[in-house]
Every structure is written in C-alpha cells, then in structure tokens.
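Use the sequences and the hints to build the structure in full.
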Amino acid sequence: MKYSLPSTSKLLDKAFTFGVATASFQIEGASESRLPCIWDTFCATAGKVRDGSNGDVACNHYNLWQQDVELISSLGVDAYRLSISWPRVMHKDGSLNPQGVNFYIGLLDALNAKGIKPFVTLYHWDLPQHLEDNGGWLNRETAYLFRDYADKITQALGDRVYSYATFNEPFCSSYLGYEVGIHAPGLAKKSYGRQAAHHILLAHGLAMPVLQKNSPHSLNGIVLNFTPAYPLTDSEADNTAAKLADEYFNQWYIKPLFDGAYPDSFALLSDEDKPVIHDGDFDIMQAPLDFLGVNFYTRTVYQAAAGKPFAEVDMLDAPKTDMGWEIYPQAFTDLLVSLHEKYALPPVYITENGAAMPDKLLNGVVNDQDRIGYYQMHLTAVHNAIEQGVNIDGYFAWSLMDNFEWAEGYLKRFGIVYVDYATQQRTIKNSGIAFKTLIGSR
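Going by the working numbering, the first residue of the sequence shown is number 820, and it counts up by one from there.
Since the hints were made in silico from the structure, they are not lab data. This list has only true hints and no planted wrong ones.
Keeping only pairs whose Cα atoms sit at most 20 Å apart, straight-line, the calculated PhoX-like set for lysine-lysine is: (1) K1062 x K1074; (2) K833 x K1255; (3) K1255 x K936; (4) K1062 x K1127; (5) K829 x K1255; (6) K1093 x K1008; (7) K833 x K936; (8) K1093 x K1127; (9) K1074 x K1161; (10) K1127 x K1009; (11) K911 x K971; (12) K1127 x K1008; (13) K1062 x K1161; (14) K933 x K1255; (15) K1179 x K1139; (16) K1009 x K1093; (17) K971 x K1032; (18) K821 x K833; (19) K1255 x K821; (20) K1074 x K1093; (21) K1008 x K867; (22) K933 x K833.
Next up, the structure:
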C-alpha cells in the first residue's frame, strides 16, 4: 500500500512540495453566514445537479476546520491548497466582511503553526450572485471588481499566505458555465463562453500587480486545467481536428498569458462569437507569473466530422474513473513536456490530479486500490516529465476529502479521505495512507 518512485526522483527531494487541495464551496457549508453565490442559485434550479443536492452543509468544514487541520497535518503534507469564498469575505457594498475574513485568518494561522504552507486560490467558481445579476463574467466591470476583491483580501491576510492563485480553471467557469451551461450560472451561448473567458483572463491580469504589491513574498500565479487532445487516427483530417480542439479548450487560456494573443483558430469564430477586446487587454493579461498551476485528469480523443471543426470520440474499451474519464497517464507527461516546449514557463505546480472512484467504507477501511493505481501512474508521469526537463516544484492530490462535486452533487468521491455526510466522520482511505507513506519516506 505505497507509491514507488525511482530513488533519484526529484519528487523524493525534501524541497519538492506535496499537498492536498480543496475548494470553498465544495467543503465549507455554512451558507447562511455568507452572501449567495451562483452555485447556490444553480443548485436550487431543478435538474441542474444530478442528485438534487447543494452546498449548504457540504463537509461542514466551516465549523470543523480545526479537526480538518489536524487531519491535514496527520497526512504529513507540506502544503494545503484552499480557496477563499468571495461571497464570504465581501459585503455587497464591496467592503470586507470581518466574520468571513477572520475564518480564513484562523485557518491560515493554524496551518502556519503546523508548518503547512497555505496555497490560496482567490476564485474557485463561487461568484457572488449579486455580481451575476449584473452580468457576471459577461460584464467587463466584474474584472475590475475582482481586482478590488483581490486587493482587499490580500491586504487583510497579510503575510500568512505562501502562494496565491488568481483563478482556478478559467475554462470551467467560462466554457462549462457560460458556453454549454452545465455549470453555474448555466448559460449556453458560444459568444458568452468566449466573452467570459476574456474577462476572466483580464481579471487575472489586473489582479497580478495587486498581489505582487500586497504580497511580494508569496508565489503568485494562476491555475489552468488541461485535457490534452489526441487524434483518433494519424490522418491529416483527424490531426487537424485534434489541433483545433486543443486550441479551443486548452491553448485559449494559456496563450494570451504568455504570447499575448488567442490561438490562430480565433479567426474561425464568426464575428458575433468573438469577444470584445479592448486595446491593451493582452498587455494586462501578460503580467509575469511566479508559478503556473496545472490541473490534469484525463485526455480526449477527436476525429474529423462533417459540418464542425472536431468531434469527440468515446474510447469505449479504455479504463475509466467513476466520472467516465479515460485513465491515460502518458497524456500527463505529453502535456507537461509540450507546455514546456511551447511557452517560457515559470516553475510549475501540479495543483490538481486525482480520480473519482466508487469507494466503499467497509469495517472502517476504504481499500481504494483503483485510486492507488491511478496515483501511482500519474506520479510516475510527473517524474517522467521532470526527467525530460520540465521544472515542476510540487504536486497536490485532488482532493483532500470527498465533497460536493459540482453538477454531480455528492455522487462522486475524489477524496483521499472518505466523508460520511450523515455523520461528517472522516476516514483516511488507503490511497491517503499511501500518500502519507510516500511523503514520509523522503
């Protein structure tokens, strides 16, 4: 029940950061002590969340945070990645909410007291609903309100934070939330997805100088998710389809940050689907990064299709997680190497990697061998990328504990810790014990 890596692996160096990750809406609960957010509204809309659940209680982390810090500490990790709930720390008038701010100050102080580095994400999808009512990420003003939020909360938290990320996975907020509507706020229009993406990347660029000013000693950057695109066959048509899909779903969110432009396929968008871009926007987006967070779970396979640029292919016979996502660790190495070759990257942290599996708690034990296998293959994939020259400084398991899995509700379990939602009892799964063993063996 342990993970093995070559004895010379950088991952076994004490300087390499191992951590676990969560997000505010997914674990905190205590919805009554913050403003409503877009996910509250989405959950309350019939048919949006598979099990009809919501984040009102979730893992009750808001009330159980002290025992959760003990749990994190017991795993021996170097770092804990959490997100700040914008609607918890800000009033409607844009002033800070002291109750919400003090919750995070207590949490950060407890982590620091145990020598656990706090990696803080400022936006993990829970936009205050009153901002969505004014257009949300379709409204350019929201980017400037995000800068203001970033400014105030980073001043309030002082020197307690080891690393700040502006955003977690702009792709999910813009594409899933505004373009196809399967995440909050549930809008579905191509032009909305592209405009929301532009404003989120703009908000990131506006916030970066604020972070560097207010928190000059923290590592400040952004977290992007990638689902590498592969052609079904080696035909020119399938290769072109995969390239277009890669640009649309992956490069769209990173190229502006490093190259100050959208991918070439931007030209293929109809004029009504193109975002409104102001002069200087790309200059703002290209704010220097101290680190790049990379989230990886799976790959996607594409083929050419009549009447559209690409069509996704379901790899029917491939091994899959409980989310139905193909397990293909080679794509992780390929992705990291390709990003390293394509862009002048800062140090990279793997800020999320993990798998949902159909866990069973039997006699106080979760023997999740399938997840252990997933982690073993993907830790090896990270090792292989480092061997090929990619500068990777850390790895965070997603997730610390089972939680509210967005549109899937509580049906999918990603944790290395099992949560019994009826009792809020936490049980470290065998994958978590293996993670602890690996960290302790360095």
